[in-house]
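Chemist: What follows is each chain in one-letter form.
There are 2 protein chains.
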Amino acid sequence: MPVLVMKFGGTSVANLDRIRRAAKRIGVEVAKGYDVIVIVSAMSGQTNKLVGYVEETSPLFDAREYDAVVSSGENVTAGLMALTLQEMDIPARSWQGWQVPLLTTSAHSQARIEEIPTDNINAKFGEGMRVAVVAGFQGISPEGRITTLGRGGSDTTAVAFAAAFDAERCDIYTDVDGVYTTDPRICSKARKLDRIAFEEMLELASLGAKVLQTRSVELAMRYKVKLRVLSSFEEQSDEAGTLVCDEEEIMESNVVSGVAYSRDEAKMTLLSVADRPGIASIIFGCLSDAGVNVDMIVQNISEEGRTDMTFSLPTDQVKRAEKALAELKASGGLNFSDLITDMDVAKISVVGIGMRSQSGVAAKMFKVLSDEGINIKVITTSEIKISVLIDRKYLELAVQALHDAFDLDKAA
Amino acid sequence: MPVLVMKFGGTSVANLDRIRRAAKRIGVEVAKGYDVIVIVSAMSGQTNKLVGYVEETSPLFDAREYDAVVSSGENVTAGLMALTLQEMDIPARSWQGWQVPLLTTSAHSQARIEEIPTDNINAKFGEGMRVAVVAGFQGISPEGRITTLGRGGSDTTAVAFAAAFDAERCDIYTDVDGVYTTDPRICSKARKLDRIAFEEMLELASLGAKVLQTRSVELAMRYKVKLRVLSSFEEQSDEAGTLVCDEEEIMESNVVSGVAYSRDEAKMTLLSVADRPGIASIIFGCLSDAGVNVDMIVQNISEEGRTDMTFSLPTDQVKRAEKALAELKASGGLNFSDLITDMDVAKISVVGIGMRSQSGVAAKMFKVLSDEGINIKVITTSEIKISVLIDRKYLELAVQALHDAFDLDKAA
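Line by line, the protein sequences are chains A and B.
Everything in the first sequence is counted per full-length UniProt numbering, starting at 1 for the first residue and increasing by one.
Everything in the second sequence is counted per full-length UniProt numbering, starting at 1 for the first residue and increasing by one.
Since the hints were made in silico from the structure, they are not lab data.
Do not rely on the hints blindly, as some may be mistaken.
Treat identical chains as interchangeable: a pair holds within one or across any two.
Said to hold, decoys possible - Below are the DSBU-like pairs computed for lysine-lysine, each with C-alpha atoms no more than 35 angstroms apart in a straight line:
id, residue 1, residue 2
1, 226, 410
2, 377, 323
3, 319, 24
4, 210, 364
5, 323, 32
6, 24, 226
7, 377, 329
8, 410, 367
9, 124, 329
10, 319, 210
11, 367, 329
12, 210, 49
13, 24, 323
14, 24, 49
15, 124, 319
16, 124, 323
17, 323, 224
18, 189, 224
19, 124, 364
20, 32, 124
21, 24, 364
22, 224, 377
Start from the sequences, fold in the hints, and give me the full structure.
Modeler: Dropping the structure here:
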């Protein structure tokens, strides 16, 4: 029988009523003849609570113990979903990550999926089981310890299962009814997109649009997994939500498809480091080893053989970065005069595959921000996106102004 | 280095502050030179919450999914305890049941421990780890699914680890400062015992004294594990709490050591079953297969080849028992005219190894209850205990009257 993957996020399994509602959706697909693999998140708020416990207990925590703690919420919803389906007379059972086993790297709290053996679950489908409920977000390392895939990792679990089981489609049920031109909570004119290209979705996801984890989009693009984002709170037609697909499948689109933002950014500047080959590799190698995800990097003009190095990173990794750089300095690995941290910045990005063929987007973006009196601190660009760092207090203003300027409230 | 097992119950790890307090106690033992194995329960209330989810989702639940859900609370506290110890610079890591692996039978929700391999944890002790934090209550079945050991199962986990690692002692930290002559909440004259014999503790535990799980006491008795029950909320001396030990180690004791009660009992009577050999085996075999723990059994005098069969069981297993007996009747396996269930009974027991050598205890017990106007519904006796079923509304009255009558407020 064809396989369908359905993923339910935290708000879609927030309590027993919502789990029942999700189970009914699953029942509809089972009745159509699919063998269904369901990926569940933890009940909403649960993972945040567990992360809070860990951070309060140990600010620079052992990531192996972090993973052991924060993965537990998904185990609860997986079991409850299996029980709910059984009550509806649908043969179902739960799997935890280590039972599949979903094999990952040892990069705790940020592990990558290495392999998903299918024999175990397929054998159960062969025996008449109709739904395999899998705890999302978690796997097992080569050392036999529990790993997690990073926040939002259940999306990646879902796409990886869809690829491994050659699923017909991967439906991501969430609390929004699709992908929007920007976050409707801060811009009332935001508009739902019927389709969006993998590349655009990838940029939006990595830029802070919370609807899908970046790596899930990467995986879907690589393995050609048809990915649909839709609401678990509305009656569904086959055309509901937003389909993430190849750009060839999109007839018309605006030059800019969306405006993304990331609120929890920090900017760090290393003052007066030696301007010589290899210095960037030392700095960012050290940060990478410490598990810091550096995003934008700017190197200022050199004076007298010294230069300043600026980079951005998530605010919650600042402590980790400061510790790593202080140790590097103490060990003589790097010389710098000071380290300046700005915790109050945000990143705004405009994204669109149309930028490839149309020029002037960057110039227009900078003018819009300038007209609003917003100072740009750092700029980076790629083929289909332009990102800037600005003071966090201007975030809403910037998003609204750019949404208006690029006519995102109107379909192409 | 000598090994010490320390078990912390739900109230002792109810929040991060209490986990820190427990970690300090552990630190004291580490400083004395012990390698410590810590067994943790879930934060208090957590397991009840999860059991509630399961029962609301599916009243006659699949016990495999029940286990997958309710075992998750211990994973959280195990990780948090390891992190807390690490913050105190004590090398520690957590183990979930399947990681040890703690091998059990497949009797889900009531599994028995089959084996605890020690090589994995001992190897880490060899590498300098000082504390192994193990999630209590859970194990893994031969089929690779998560099992649990029954409510209070973390005590059994602790004693089993103490036996497997040949520990010097097994300290059970809880919210009371020892074993009492009866429950202080319903009898203000209850007195803490310094020592109690394994056999007495076993009877008290199986009779409803919540301080230790019955099987943990059985295990401790069989493997001669020195078991100490003490409070995690008080400063500890080496003589704190109650030591559960061989009766030879107890110099003097009262005839009766304690009065136990069990509030959530039900009484079921099968009316007019055939009075022939094998009938009891059919009835109680069927109930056992359904996972019902029958306690007291009484068979009335036979009339015209028919008899009534009465038994007691926990109230939460009544539905299960009714279903099993109805199915047995429907399949022609057993003929009876009616099944009467009384949900409002309680069991009161007096326990003491002194009963072996002193007669008249039963007569005195029945007179005390009779003087209070309490009707006895069912009686069972063993070498060191007498139990009766009475109306639940007389529970407190009966306990207080018996405690007075047997002078339990005074030491021997």
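Chemist: Does each hint fit the structure? Answer for all of them.
Modeler: Structure-based check of each hint:
1. 226 - 410: within (26 angstroms within a copy, 76 angstroms between copies)
2. 377 - 323: within (25 angstroms within a copy, 71 angstroms between copies)
3. 319 - 24: between (45 angstroms within a copy, 27 angstroms between copies)
4. 210 - 364: within (26 angstroms within a copy, 72 angstroms between copies)
5. 323 - 32: between (55 angstroms within a copy, 33 angstroms between copies)
6. 24 - 226: within (22 angstroms within a copy, 53 angstroms between copies)
7. 377 - 329: For residue 377 and residue 329, the Cα distance is within 35 angstroms only inside one copy (26 angstroms; across copies 80 angstroms).
8. 410 - 367: For residue 410 and residue 367, only the intra-copy Cα distance (21 angstroms) is at most 35 angstroms; the inter-copy one is 89 angstroms.
9. 124 - 329: Close across copies (33 angstroms), not inside one copy (56 angstroms); limit 35 angstroms.
10. 319 - 210: Cα proximity of residue 319 and residue 210: one copy only (24 angstroms, versus 46 angstroms across).
11. 367 - 329: Close neither inside one copy (40 angstroms) nor across copies (84 angstroms); limit 35 angstroms.
12. 210 - 49: both (19 angstroms within a copy, 30 angstroms between copies)
13. 24 - 323: between (49 angstroms within a copy, 27 angstroms between copies)
14. 24 - 49: Result: close both inside a copy and across copies, 28 angstroms intra and 24 angstroms inter.
15. 124 - 319: between (46 angstroms within a copy, 30 angstroms between copies)
16. 124 - 323: between (49 angstroms within a copy, 28 angstroms between copies)
17. 323 - 224: Answer is neither; intra-copy 41 angstroms and inter-copy 50 angstroms both fail.
18. 189 - 224: within (32 angstroms within a copy, 73 angstroms between copies)
19. 124 - 364: neither (57 angstroms within a copy, 61 angstroms between copies)
20. 32 - 124: within (19 angstroms within a copy, 52 angstroms between copies)
21. 24 - 364: This pair counts as neither: shortest intra-copy Cα distance 48 angstroms, inter-copy 61 angstroms.
22. 224 - 377: neither (37 angstroms within a copy, 71 angstroms between copies)
Of the numbered hints given earlier, the model fails hints 11, 17, 19, 21 and 22; all others are met.
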